[in-house]
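Could you put the whole structure together from the sequences, leaning on the hints where they help?
The working numbering applies: residue 1 is where the sequence shown begins, and numbers increase by one.
Simulated from the structure, these hints should not be mistaken for lab results. Please read all numbers here as calculations on a predicted model, not as lab measurements. Mixed in with the good hints, there may be bad ones.
What the hints assert, rightly or not - With a cut-off of at most 16 Å between alpha-carbon atoms, the simulated EDC-like pairs for lysine to aspartate or glutamate come out as follows:
no., residue 1, residue 2
1, K356, E266
2, K356, D472
3, K241, E266
4, K122, E108
5, K241, D264
6, K423, D472
7, K365, E478
8, K70, E271
9, K62, E311
10, K365, E409
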Amino acid sequence: MTVPDSSPENTPDRTTGPPGPAGPDDAAQQFTSLATRAARQLATTTKSEPQMQAITSRWLLKMLPWVDVKGGTYRVNRRLQLRVGRGRVQFEHNGADRIRVIPRTLTELPALRGYSDPEVLKELSSRFRVRDVRAGQVLFESGQPVTETYLVVHGRFTRYTTGRYGEEEVLGVVTDGEGLGDEAVGRADPPRWHASVRAETPGVVLALPWDVLEDLVERVPSLAAHLDAFAERHSRPMNRKGEAEVPVQAGHVGEPVISGGFVDYELAPREYELSLTQTVLRVHTRVADLFNDPMNQTEQQLRLTVEEIRERQEWELVNNPDFGLLHNIDHGQRISTFSGPPTPDDLDELLTMRRKTRLFLAHPKTIAAFFRQCNRRGLVPGTVNVDGHEVPAWRGVPVFPCGKIPISEQHTSSIIALRTGEKDQGVVGLHQTGIPEEYEPGLNVRFMGIDQAAIMKYLVTAYYSLAVLVPDAAGVLENVQVGWMPE
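Right under this line is the structure:
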């Protein structure tokens, strides 16, 4: 029979070891000094403030210039815009070969913007036919007559032309929801394609024969009148940004008659009303009265509530369908990646679409995907110092992480580029200061009383919105693949 070794070096030190849960043998143990578990009953515990994992850097809120909107509404006045912006159509999927464009979304096409007859739109949508496209297939070539107009249901298509010396020049990428050929409406007969389009991936398009469209126009007077007005509007003189032109002269000599004119304004400018995020904070009076040392319970509850509201505020500035960046950036300022992952070429293209780009916003996984592409090319992105923080940068423009930019189920995301400030006709945040019982700029805390359960209530509200002053103040790189790509 083996006898256990009871030498001092093999005996656990019950007086200095970490305190453990009470066991059945604790009462029988003999201690030669005060145990740490008992000593803690007389000791003061040092506590941290309540922590919160969901707090992020919120760079968008920090970098936006905030305009004080005293009237609660901010109106963006612009010059008269003659060139109608393009949007994206949407589709109904009832099976592999039963795809239909949603009729009301056809008004996202420039030629149909503002047209309101639902029956005509429904008939027009029924005339499109589904067509599968294989990778490498050319839909049409530059210079050919326009015989069909297309809506891209799914796939990535490259617009290209032949350069001066016979080389291929890529002009852009067309993806889901975009149209091809509707820009020929109102042009001289026969309309011709200005660039070629090739499918880079397998895809699906909806095709509408041009003669079917012409037949519908002849039968429907309201549609014909709408398209005539569209063509007349586009025939008026405009500058390169599509605004009504102001006649000017330069380089003349002598005493010629100088042209005159005026700067016309939009008659229905957009107005942004302040949105809000609210919650009711509840604190029991007994907690507020008795448990305030060393930290005030009400203050800590309020601090974490405000953090949560600010997180939601930034989410709304990115994703809100009425004023959020992802939904309100002009279609002409949206581009797609050339190959899927975000490459330096893609960010260069996004950067050159506006002057004075102040910042990029991207999901942290998107930033990592961009760094991988830089690593493959042997490039090292620089950094810039922003308020004492070293932030990664591309071409001197800081790239800020923003986890509020979503990643889709297909593992794609977006990169947003912004020019900011009223002086530069950029993007501005909107709030109102000096509101009653203000706790922070644009945020107030109002006491709502004590109910019969002895619970105090506080209404916590943040008022805010966001405005894009001119279309090129914001741009977005879409369809950015964030997953690992094979070498």
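Cross-check of the supplied hints:
no., hint, result
1, K356 / E266, "violated, 25 Å"
2, K356 / D472, "holds, 11 Å"
3, K241 / E266, "holds, 15 Å"
4, K122 / E108, "holds, 14 Å"
5, K241 / D264, "holds, 14 Å"
6, K423 / D472, "holds, 14 Å"
7, K365 / E478, "holds, 14 Å"
8, K70 / E271, "holds, 14 Å"
9, K62 / E311, "holds, 12 Å"
10, K365 / E409, "holds, 14 Å"
Of the numbered hints listed earlier, the single one contradicted by the structure is hint 1.
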